[in-house]
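A.B. asks: Below are the chains, spelled out letter by letter.
There are 2 protein chains.
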Amino acid sequence: MVTPEPAKSLRPPGDATAASPAASVDQVDTRYLETLIGYNARRAALAVIGVFLPRMAAFGLKPVAFSVVSLIAHNPGITSRQLCAALNILPPNLVGLINSLAQRGLIERLPHPRDGRAMGLHLTEEGREVMAQAEKTASALEVEAAGRLSAAERQTLITLLRKVYLPD
Amino acid sequence: MVTPEPAKSLRPPGDATAASPAASVDQVDTRYLETLIGYNARRAALAVIGVFLPRMAAFGLKPVAFSVVSLIAHNPGITSRQLCAALNILPPNLVGLINSLAQRGLIERLPHPRDGRAMGLHLTEEGREVMAQAEKTASALEVEAAGRLSAAERQTLITLLRKVYLPD
DNA sequence: TATTGTTATACTCTATAACTATA
DNA sequence: TATAGTTATAGAGTATAACAATA
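Residue numbers (this note's numbering), protein chains in the order written: chain C, 1 to 168; chain D, 1 to 168.
Don't read these hints as lab results, they were simulated from the structure. A few of these clues could be false.
[Said to hold, decoys possible] No farther apart than 27 Å at their CA atoms in a straight line, the calculated lysine-lysine pairs in the BS3-like style are these:
id, chain 1, residue 1, chain 2, residue 2
1, D, K136, C, K62
2, D, K136, C, K136
3, D, K163, C, K163
4, C, K62, C, K136
[Unchecked claim] Computed spacing ranges between beta-carbons, pair by pair:
id, chain 1, residue 1, chain 2, residue 2, range
5, C, V143, D, A140, 13 to 23 Å
6, D, V95, C, A57, 21 to 31 Å
7, D, R104, C, G60, 21 to 31 Å
8, D, Q155, C, D26, 24 to 34 Å
9, C, R81, D, C84, 50 to 60 Å
10, D, R104, C, D26, 56 to 66 Å
11, D, L110, C, Q103, 51 to 61 Å
12, D, R55, C, A102, 33 to 43 Å
13, C, T156, D, Q27, 34 to 44 Å
14, D, V64, C, G105, 15 to 25 Å
15, C, G105, D, P92, 34 to 44 Å
We put the beta carbon where it would ideally sit given N, CA and C, even for glycine.
Please build the complete structure, drawing on both the sequences and the hints.
C.D. replies: Written out as structure tokens, the structure reads:
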């Protein structure tokens, strides 16, 4: 018998890097990747978005669109440039989104009170109604997406994540 | 004077939703979005990737490629299908990546010991050398990316993130 | 019949350069 | 000159359908 028995899923605590050339893998060892914040943050974000997408499809809002409309709701008169800075979006990529939101009647562009180049963004009455429901859904969805976390753990997680991506 | 004074950055604790039609925004209020785990996780992941990309460009490895090579390093003989399942990648999107890694001489495909359809993936000697440096860089980069977090906080963050995206 | 790896392809997301109008 | 918004376009990332070889 040249072929060894299938490797047991339990590997030495050190590592499994040294193995025979023709080895096969039973249980995939992801322990190293799981020591990296970037890896875990990305996996967690994609998992939450996976729950977010089908639920928010009822409102026709994908994650970025939801963020944009939410910021307009809480910052009446915000400009495209301010949205881009706050959400790390590039201006050309926001144009189409703003257009479609305006066409759907969720937002409207009013002239900026002090800068003739800029447009202040505001929710329409329909936009306010849709967003009230959408934010309610998004907040409820949090519990479902992070079902194994207690309220205190959720707060801790958010605090730590903000420390990662916020300057200072 | 019809135009009101620019709104102060301090807003009432309740919210700033109600404001005059022609209002302009001084400081953008992102407090609602920051109550959402998905929003924070996505922002944090993008921030870490922003540090990761230029540093790992020296090895010619972007995040997904790094994850793939790392899993091959720690799981010699892993198959494409297993990589896809572990990293949530779709098979057609892995083909080109595996090809380029093989062409660069970092990995090699050996026949699977017990499944004639599958190929076991292994690092070459050069792949082992590159990956040793790459993982060293990635781990050092963690401290830089999460500079404001203590070691204990980093561990807490990782534990909480895993609870979000891992089943069970 | 089910699965591995693959091709072809489409769709979405993100990035860069350049233009206009206002400041 | 600098900035807000826009256009056009390119590139990267991600998705589905269908196929050949093997289980």
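A.B. asks: Taking the hints in turn, state whether each one holds.
C.D. replies: Verification of the supplied hints:
Proximity of D:K136 to C:K62 is assessed by CA-CA distance (about 37 Å); at most 27 Å being required, the pair is judged violated. This hinted pair does not check out: D:K136 and C:K136 have alpha carbons roughly 44 Å apart, beyond 27 Å. Note on D:K163 and C:K163: the hinted pairing holds, with a Cα-Cα distance of about 19 Å set against a maximum of 27 Å. Of the pairs offered as hints, the one joining C:K62 and C:K136 holds, with about 15 Å between alpha carbons and a cut-off of 27 Å not exceeded.
Under the hint 13 to 23 Å, the C-beta atoms of C:V143 and D:A140, about 37 Å apart, miss the expected range. Checked against the given bound of 21 to 31 Å, the beta carbons of D:V95 and C:A57, roughly 30 Å apart, stay inside it. Between D:R104 and C:G60 the Cβ separation comes to about 43 Å, which falls outside the hinted range of 21 to 31 Å. For D:Q155 paired with C:D26, a C-beta distance near 28 Å keeps the hint of 24 to 34 Å intact.
At roughly 40 Å, the beta carbons of C:R81 and D:C84 sit outside the given window of 50 to 60 Å. A hinted range of 56 to 66 Å for the beta carbons of D:R104 and C:D26 is inconsistent with their spacing of about 28 Å. Taking 51 to 61 Å as the suggested C-beta distance range, the pair D:L110 and C:Q103 conforms, at roughly 55 Å. Separated by about 40 Å at the C-beta atoms, D:R55 and C:A102 satisfy the suggested range of 33 to 43 Å.
A hinted range of 34 to 44 Å is violated for the C-beta pair C:T156 and D:Q27, which are about 26 Å apart. A C-beta distance of roughly 39 Å is found between D:V64 and C:G105, which places it outside the suggested range of 15 to 25 Å. For C:G105 and D:P92, the hinted distance range of 34 to 44 Å is satisfied, since their beta carbons lie about 39 Å from each other.
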